[in-house]
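Asker: Listed here are the chains, written in short residue letters.
2 protein chains.
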Amino acid sequence: MDTLFDRHRGLIDAARAALRTRGFWAPFSEIPSGKIYGETAKDDGLAAFQGRLDAPFLIPHHPETSRVGAEISPWGPELGVTYPAADADTLVAASLAAADAWAATTPEQRVGICCEILVRLNRMSFEMANAVMHTTGQAFAMAFQAGGPHAQDRGLEAVAVAYDEMTSTPREAVWEKPQGKAAPLVIEKHWRVVPRGVGLVIGCQTFPTWNSYPGLFADLATGNTVIVKPHPGAILPLALTVAVAREVLTEQGLPRDVVLLAADRPGAEITKDLVRNPAVTIVDYTGSNAFGDWVRANAGDAQVFTEEAGVNSVVIAATDRFEAMCANLAFSLSLYSGQMCTAPQDIFIPKDGIDTDLGHKSFDEVGQGIAAAIDALLGDPARAAGVCGAIANPATLARVRDARSLGRVVRDSGPLEGARSATPLLVAVDATRTQAHEEERFGPIAFLVAVSDADEGVARAAGLARRKGAITAALYDTDEARIGRAVDAFARAGVNLSVNLTGNIFVNQSAAFSDFHVTGANPAGNASLTDSAFVANRFRLAMWRRPKAA
Amino acid sequence: MDTLFDRHRGLIDAARAALRTRGFWAPFSEIPSGKIYGETAKDDGLAAFQGRLDAPFLIPHHPETSRVGAEISPWGPELGVTYPAADADTLVAASLAAADAWAATTPEQRVGICCEILVRLNRMSFEMANAVMHTTGQAFAMAFQAGGPHAQDRGLEAVAVAYDEMTSTPREAVWEKPQGKAAPLVIEKHWRVVPRGVGLVIGCQTFPTWNSYPGLFADLATGNTVIVKPHPGAILPLALTVAVAREVLTEQGLPRDVVLLAADRPGAEITKDLVRNPAVTIVDYTGSNAFGDWVRANAGDAQVFTEEAGVNSVVIAATDRFEAMCANLAFSLSLYSGQMCTAPQDIFIPKDGIDTDLGHKSFDEVGQGIAAAIDALLGDPARAAGVCGAIANPATLARVRDARSLGRVVRDSGPLEGARSATPLLVAVDATRTQAHEEERFGPIAFLVAVSDADEGVARAAGLARRKGAITAALYDTDEARIGRAVDAFARAGVNLSVNLTGNIFVNQSAAFSDFHVTGANPAGNASLTDSAFVANRFRLAMWRRPKAA
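Protein sequences appear in the order of chains A and B. Its first residue numbered 1, the first sequence is counted upward by one per residue in the UniProt record's numbering. Its first residue numbered 1, the second sequence is counted upward by one per residue in the UniProt record's numbering.
Okay, chain A solo, but in the shape it has when bound (with noise of 0.2 Å):
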């Protein structure tokens, strides 16, 4: 039975020492190219996604009392794909009598089973995707890179922490105290993993697969059966991640019900009744803080890992590269259209201006430039849509639309072509006007917040963090000393820091193996993807004991 982990010891090893170093490592390659993915790898997978259109998701053996499905591409078209449906209970119940089959398995089985099923994800790739664009409106080479390879090492990484976890103490040991000159007490002492129980991971509309993987790799490695409840919008990739791990469970003569899909209609959610359900002992959640506050108020004593949301900053005190600041803030901004957690909404500038290495630039000048960065990334109409990608949601429309009489227009945002979209606004308002960036606005909407120093826009950008919560952060700045004060403040505000990004390096971008994302020490979310305490409370240690046979 350990035989997929003897097939995948050496990316587990990797993986795991990956982890101590945190320099670059990529386990599942983010290029779409033939010569890595095969030659047939993209006609195929489009191909395959395509035979999925309007179509009955076929899941063997999984729970069905009926069909659910209403996804629609923000690029335009109706999915018509149906998924097996039941309510919180039956799952829930499905997802206990697998159980106990899956927590007597050992940590190394469990380990290679969440490889193959990373493997075999990451060789879908392009049918993955083709379906995360088309629920997400993610631009394709974002849909491959976030929902493809980029989420499996966000899932590996779990794995290798839960494996580290798991392996941090010995499985038996020998316990022998002296007893002066009497003989010594002799116990041996053997451990095991005991799981918390039913897992339940909720994911997003925008990254359906990024932002679950960890959460469903790290209960599955740690021995707690799972229960995946995607966005109505966006359950296609959740469904393939799905119907994968239960191949594979089932080709290891496990239960399939290890992993279940909550698919549910829009308006007729059932996610709260599966949080409410004294079974479920761990909740993973991505989404709003509305919603998290319910879920963290009504998990009863689950254990709850959230990602919710928060108003990221960036605070330009000063450059010495004022046309690649620009033009990286303009990507920053235009990137999936602002939709990513990690995107910045309040960028503050000095009311004077800054120094530059083009000449003192005013309040004005700055915004110009980013302005003017803008419509330069996004001139070329093909590669704006690439940039951009669709809106998700149509209230993100909405939202644009109302945001611009919150302040004076710098850049006015507008459609594409070819898709629900909208391009970044920039609205210049004071830094008291509170009310107008303070707000999570949530789209491709940027204020340019006037203060009157640069160390009042970092107090500002970190008590804002403190506050609302806050994912990221960015400053440009020349001065040492200004800059170390910015890394207190951030980081006693619980938001990682970006200084002076210029190239081929953004703000929104968080790498698995490096980067933690989201810190859990603001209102952004309780927890980190993906540090030790992400994973060391989804089990318990159970010890049993004995006088040594001499």
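One should not assume that every hint holds.
You can't tell identical chains apart in this list, so a pair holds if it fits in one copy or across any two.
Claimed, not checked - Below are the DSS-like pairs computed for lysine-lysine, each with C-alpha atoms no more than 30 Å apart in a straight line: (1) K177 with K548; (2) K468 with K351; (3) K272 with K468; (4) K468 with K181; (5) K272 with K42; (6) K177 with K468; (7) K42 with K177; (8) K351 with K35; (9) K181 with K548; (10) K177 with K35; (11) K35 with K181; (12) K181 with K42; (13) K351 with K177.
Don't read these hints as lab results, they were simulated from the structure.
Since the structure of chain A is provided, determine the placement of chain B on it from the hints.
Answerer: Coordinates of chain B only, in the frame set by chain A:
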């Protein structure tokens, strides 16, 4: 500033190594010997304790709006000690005022300070023994061990786990991502530990130091400030602890209020105010399930770690050392009059008896064997007092009285000379009379529960652990297959199992650096002393990153 870390480096390194091997390791000697602690240590400790009596306990510069203190020794006298007291808001404000300076220290500074506190507490072990004895009712030898070195071992264990967790991620890394033929992206990354905030440690009366030190030292080592809330009946041991901690902090130029005492009056406890305060982000609680329910439900988003209560079981299936088994159980039932969270309550015995080295023994003969062993153990009054100690809470005596009517009394409880005391009561019941033995009955009360066979006993004991919680379980058996089934059953119930203990090792005992205390996997508690889950969620990591200079 790192000199304390350097001074205690050997201790820390040895502690971390012990965590990995989990054999016997005890850094602080449990032997109350003049050769180890100094020839005058015993007398000096007694004198120091006596010097505390009938006087205000002074904690320099501690917030103080009133004085409280009404401790009465279970051995007789009122202590007459008063402690500085303040309301919850005052204490939390003082704790928050100390937070930034403490959070700014390095892990090494904090670990060094924690070790220094523990080493100084160790030197005071005789004074602490008297303080613990006269608040808990433990006999002197146990008060010395459990209140002194064993508690210090548990504190150091938490520090070692915390240091492991804080250093498992490097503080700096270089992330270098290849870019095909272009120059790689090179980013330097820096991580720092960010504490959660204010920790609240809620102590119990019976083990004021042993049960509090893990949470206290885990909080401190990870950069949180701590408010220590003693049971109103056992303030002195934790007041001594807080005073030592503040002394070391002051010497290191750090705010004393990093550690605060929340002394209060019986009937006017401030515990609820502290738990509900939103600035309190970690709660460590030892006590009843009823108040544990309240804490878990009312702590908001604080991370809560509990040791509550359960019903511990013994299953006697067979033995090849009948007399040694009875003697071992007699000690486990008598030690500190059953006032240990690890003491057995229910002894499941097949109604048709068991096979032993002394021939077949009927149900009654097994009960009589245990009763006779208790009588033999407690036949000498001095030894009896030394084993049983005194009864901490008068309600326990009432519970013993009432328990007599729950079944057939096989051995009656009686007082010992010189203290409020009660020897073990043994009551025989049938397994179907669940209202008798399935309720937790804290104190020297045990049930001999008749079951049809050993497998039923294991099933009932494990089921009881799942439903009501259990911290320990014991099994006596000679059939390896049946032992294997019991190991599985108790592990799935999340309870640590001891098999065939005889001689000088008891089911009640839990050794730091080897045994995890409580699993967290059944209602007897949601946490385990001290696994990584107990520590990892007390801090977060914050990063800053920037392009690496060429």
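Asker: Confirm or reject each hint.
Answerer: Verification of the hints:
{"no.": "1", "hint": "K177 with K548", "in the structure": "within (12 Å within a copy, 52 Å between copies)"}
{"no.": "2", "hint": "K468 with K351", "in the structure": "within (24 Å within a copy, 63 Å between copies)"}
{"no.": "3", "hint": "K272 with K468", "in the structure": "both (24 Å within a copy, 27 Å between copies)"}
{"no.": "4", "hint": "K468 with K181", "in the structure": "neither (64 Å within a copy, 42 Å between copies)"}
{"no.": "5", "hint": "K272 with K42", "in the structure": "neither (38 Å within a copy, 60 Å between copies)"}
{"no.": "6", "hint": "K177 with K468", "in the structure": "neither (53 Å within a copy, 33 Å between copies)"}
{"no.": "7", "hint": "K42 with K177", "in the structure": "between (64 Å within a copy, 25 Å between copies)"}
{"no.": "8", "hint": "K351 with K35", "in the structure": "neither (51 Å within a copy, 72 Å between copies)"}
{"no.": "9", "hint": "K181 with K548", "in the structure": "within (19 Å within a copy, 62 Å between copies)"}
{"no.": "10", "hint": "K177 with K35", "in the structure": "between (61 Å within a copy, 20 Å between copies)"}
{"no.": "11", "hint": "K35 with K181", "in the structure": "between (71 Å within a copy, 17 Å between copies)"}
{"no.": "12", "hint": "K181 with K42", "in the structure": "between (75 Å within a copy, 24 Å between copies)"}
{"no.": "13", "hint": "K351 with K177", "in the structure": "neither (70 Å within a copy, 37 Å between copies)"}
Going through the hint list in order, the structure does not satisfy hints 4, 5, 6, 8, 13.
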